[in-house]
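Enquirer: Okay, here's what each chain looks like letter by letter:
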Amino acid sequence: MRAPEMSILQGAAAGAPSPDVPPEYLQALQALHGLLSIDDSLIDWILSASPSGPNPDDQRQKMQQVLAAKSDVEKALNTLVAYRLKLAATALTADAATPAEDRRRHGLGGSQHRDGAVDPGLRWPSSDHRQQRDRQGRADPRLRAWHSKAVDSMHSRRFASALAPLLFLSSGCTASYFRIAPSGVTPATQPRSVTEAAYLWGIIQPNDLVPTNCPDKVPLAEVTAETNFGYVLVEAVTLGIVVIQRIEWRCAKDPGGQDTHVLGANGLGQKG
Amino acid sequence: MPDPYLHIEHGAPWTNKHQNVTGQVASYYDVWNRWADQTQDPIPWRPGMAGLQRAIRDAEAAGASVRAFGGAWSLSHAAYCPDFMLNTAPLGARNIGIEADNLVGGTIPGDRLFFAQCGCTVLDVHDGLAARGLALRTSGASDGQTMAGAISTGTHGAANQVGAMQDSVVAVQLLVEDGKPLWIERASQPVVSERFLGLVDTPAGNLIRDDDLFNATLVSFGSFGVIHAYLIEVEPLYSLEAYSRRMDYDDVKVALGTLDVETLKLPQGGVLPFHFEIGLNPYKMGRGEKGAFVRFMYKHPGGSPNPPGPLPGGHRPGDDVLGVIGTLSDLVPAAIPALVTALLDSELPSYEAVTATPGYTFGPTTIRGKGLSTEMGFRLQDIGAAVETVAAVAQDQPFGCAIGVRYVKSSSALAAFTQYDPTCTIEIQAVYSNRSLAAYEEIWRRLDAAGISFTFHWGQVLPYEPARYRKLYGARLDRWLAAKAKILSPAGRRLFSNELVRGVGLE
Chain A
1 MRAPEMSILQ GAAAGAPSPD VPPEYLQALQ ALHGLLSIDD SLIDWILSAS
51 PSGPNPDDQR QKMQQVLAAK SDVEKALNTL VAYRLKLAAT ALTADAATPA
101 EDRRRHGLGG SQHRDGAVDP GLRWPSSDHR QQRDRQGRAD PRLRAWHSKA
151 VDSMHSRRFA SALAPLLFLS SGCTASYFRI APSGVTPATQ PRSVTEAAYL
201 WGIIQPNDLV PTNCPDKVPL AEVTAETNFG YVLVEAVTLG IVVIQRIEWR
251 CAKDPGGQDT HVLGANGLGQ KG
Chain B
273 MPDPYLHIEH GAPWTNKHQN VTGQVASYYD VWNRWADQTQ DPIPWRPGMA
323 GLQRAIRDAE AAGASVRAFG GAWSLSHAAY CPDFMLNTAP LGARNIGIEA
373 DNLVGGTIPG DRLFFAQCGC TVLDVHDGLA ARGLALRTSG ASDGQTMAGA
423 ISTGTHGAAN QVGAMQDSVV AVQLLVEDGK PLWIERASQP VVSERFLGLV
473 DTPAGNLIRD DDLFNATLVS FGSFGVIHAY LIEVEPLYSL EAYSRRMDYD
523 DVKVALGTLD VETLKLPQGG VLPFHFEIGL NPYKMGRGEK GAFVRFMYKH
573 PGGSPNPPGP LPGGHRPGDD VLGVIGTLSD LVPAAIPALV TALLDSELPS
623 YEAVTATPGY TFGPTTIRGK GLSTEMGFRL QDIGAAVETV AAVAQDQPFG
673 CAIGVRYVKS SSALAAFTQY DPTCTIEIQA VYSNRSLAAY EEIWRRLDAA
723 GISFTFHWGQ VLPYEPARYR KLYGARLDRW LAAKAKILSP AGRRLFSNEL
773 VRGVGLE
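Residue numbers (our numbering), protein chains in the order written: chain A, 1 to 272; chain B, 273 to 779.
Hint data in this document are derived by calculation from the structure and do not stem from the laboratory.
Nothing here was measured: the structure is a model prediction, and the numbers come from that model.
Virtual Cβ for every residue (Gly too), placed ideally from N, Cα, C.
Hints may be right or wrong, so weigh each one.
Said to hold, decoys possible - Taking CB as the label site, the calculated pair distances span:
#, chain 1, residue 1, chain 2, residue 2, range
1, A, Leu209, B, Asp523, 55 to 65 Å
2, B, Thr311, A, Gly240, 25 to 35 Å
3, A, Pro255, B, Gln296, 29 to 39 Å
4, B, Pro580, A, Pro211, 27 to 37 Å
5, A, Pro191, B, Gly335, 21 to 31 Å
Taking the hints into account, I'd like the entire structure generated from these sequences.
Expert: Listed below in structure tokens is the structure:
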């Protein structure tokens with residue numbers, strides 16, 4: 001079964017959903033689960049049916065027509081999902097949806113995402129579902145190869161359709177964001193970050209971070225700790241064995257020696 | 273001289289403050305006022321200046337382009353190039369007040385002069401000056417920019433009798449090919465002595481007094497070389513008594529197009545306030561909709577370095593909508609007018625007679641979300657038609673935006689976008705999206721079609737159309753290019769060029 005979805009669904013069914021999973025996602029996953037069950041039944045029927053009787057070729061042709069219709073429906077679904085993804089991309093990372101030529105014309109070219117964007121061609125690993133059906137080996141041998149190819153294609157597309165929005169959000173959507181920045185301290189460097197993991201419920205911790213871009217005795221101006229939906233999923237799926245965080249920092253200005261009287265100190269208010 | 277301390281990264285990521293320009297940098301340098309052993313120098317800017325010179329030579333040796341940046345506040349490509357980038361934000365050395373021995377001519381009293389290394393932020397400068405009973409004559413709405421970035425892109429406020437930030441500069445120290453330092457002043461206003469030049473590591477032979485070169489260098493967005501320092505004229509500390517009032521657009525139309533504020537019934541009647549700006553909600557331009565936010569400030573001598581009481585919602589009188597514009601969504605066009613109205617209502621509160629120094633009035637801006645902004649300069653007689661053109665585009669193809677109209681005295685800088693007297697600027701801050709970019713293009717197209725002439729702020733979104741700038745700036749552009757050729761060879765012009773410079777035809 002599709003592990004990430006099912007673990008969330010099972011958690012929800014047990015009345016203990018992860019607090020980080022929005023309710024609309026649970027509803028969407030439950031709807032997808034229903035669709036996949038219907039689809040599984042259809043595949044079961046096709047794989048187990050053996051054309052027989054006076055016109056086996058007619059039956060075979062009808063089965064192929066059913067599969068072709070399924071394929072058309074899935075294509076339409078994929079188009080719809082791709083369109084929704086595009087809309088989501090516009091809303092969440094408008095940069096991703098801005099054509100390079102537009103950016104260039106307005107002096108915004110050369111951009112790239114700081115956070116990874118989803119490849120719409122993403123493929124979920126091949127399911128054990130197909131292998132299980134293949135092992136049954138009850139279908140007409142002439143149909144089996146065709147079925148196998150069609151089912152493989154359908155599953156991979158369907159999983160991609162189902163999971164692409166989830167993974168898109170996992171990679172680009174911040175689940176939590178904590179920032180510490182003392183007032184009146186001006187950052188002096190570009191943000192730099194590391195992504196670190198702790199294991200086994202904190203038994204194995206990453207080493208303390210030393211920001212190598214800050215000179216000696218230069219403090220940090222701000223620190224941000226950030227998780228995204230993907231990290232939360234990893235934590236949920238591994239039951240807290242793996243906990244990932246992204247830490248970003250910026251060095252402050254040099255704390256001493258910037259104010260000088262080398263050139264004179266005749267301020268109006270006081271003599272230096 | 274010891275080696276400077278440099279932190280160098282290869283293939284480093286870079287992003288500007290508003291996150292609308294990001295990219296990779298082949299060689300990224302953090303330059304600090306420290307020597308290689310991390311010690312400082314009695315003359316604090318010397319290691320940083322040596323670091324910039326070394327980085328320029330590294331870029332030349334690599335046959336690459338080099339660009340310095342500070343607060344990364346520009347929304348255009350002004351600060352970015354993919355080859356060598358030098359972070360000057362750590363270079364915040366400053367010297368307030370210059371001894372008479374270091375000056376010539378006596379054209380400006382030494383106690384009104386301020387030496388600022390390139391990385392001084394406007395925040396640092398406000399604080400340092402206020403502690404000595406001094407103040408900048410003007411600044412932008414936020415204080416996170418470095419002086420070099422703000423000045424060299426022509427940043428301005430709404431002080432209509434002062435000009436933009438570059439108009440307070442009296443000398444520029446520039447590092448050109450091979451890191452050679454130049455000290456540039458106006459021939460008509462000589463300032464520093466040979467003794468001063470020694471203290472800023474500039475040979476006397478590298479002093480250039482040339483009005484055209486000085487006026488060209490002021491607004492050159494990094495294309496004349498790396499700016500290391502400025503000498504800036506400041507004035508005694510003053511306070512701003514600030515007001516913000518909601519009015520109908522119809523009620524502000526006369527003042528907007530003439531600067532005759534009599535009809536606005538301000539506290540000082542027909543006296544034009546020191547700072548005068550009008551914010552507009554383009555979706556509330558009708559009678560009774562209170563879509564105009566009139567913000568004005570009277571200037572008074574003196575002031576307390578203590579902060580004023582907070583406004584509702586923790587706002588300051590000088591708050592900039594750009595800080596929160598990125599929180600808007602324009603995904604559902606039909607909802608945009610309501611969202612813009614809600615944002616402006618919450619972020620631009622009304623207030624009366626809030627008095628504070630410039631540093632507290634125009635304080636820090638925390639940016640939330642990705643934003644865009646474009647700003648254009650108009651003649652006074654065109655501003656009414658221009659505002660209505662912008663509002664018409666917003667109503668025809670709604671995009672998440674707010675409009676600010678300000679008035680700035682004309683600048684002597686050859687490439688200043690505030691070249692009309694006064695220059696009326698329209699700033700259009702918007703959500704980062706294709707929809708906003710398309711709206712900007714439509715606004716520019718309709719303004720062109722209406723025969724309205726306008727300039728562009730170099731630090732904001734602008735079109736890459738060299739012919740447009742040639743037509744706008746005319747002979748000033750020729751003088752600007754000729755000035756650049758006086759101090760840079762063709763190779764030097766490429767060394768300090770980038771996509772913006774090429775895009776507007778100014779390499």
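Enquirer: Tell me the numbers of any earlier hints that the structure contravenes, in ascending order.
Expert: When the structure is compared with the hints, only number 2 turns out to be violated.
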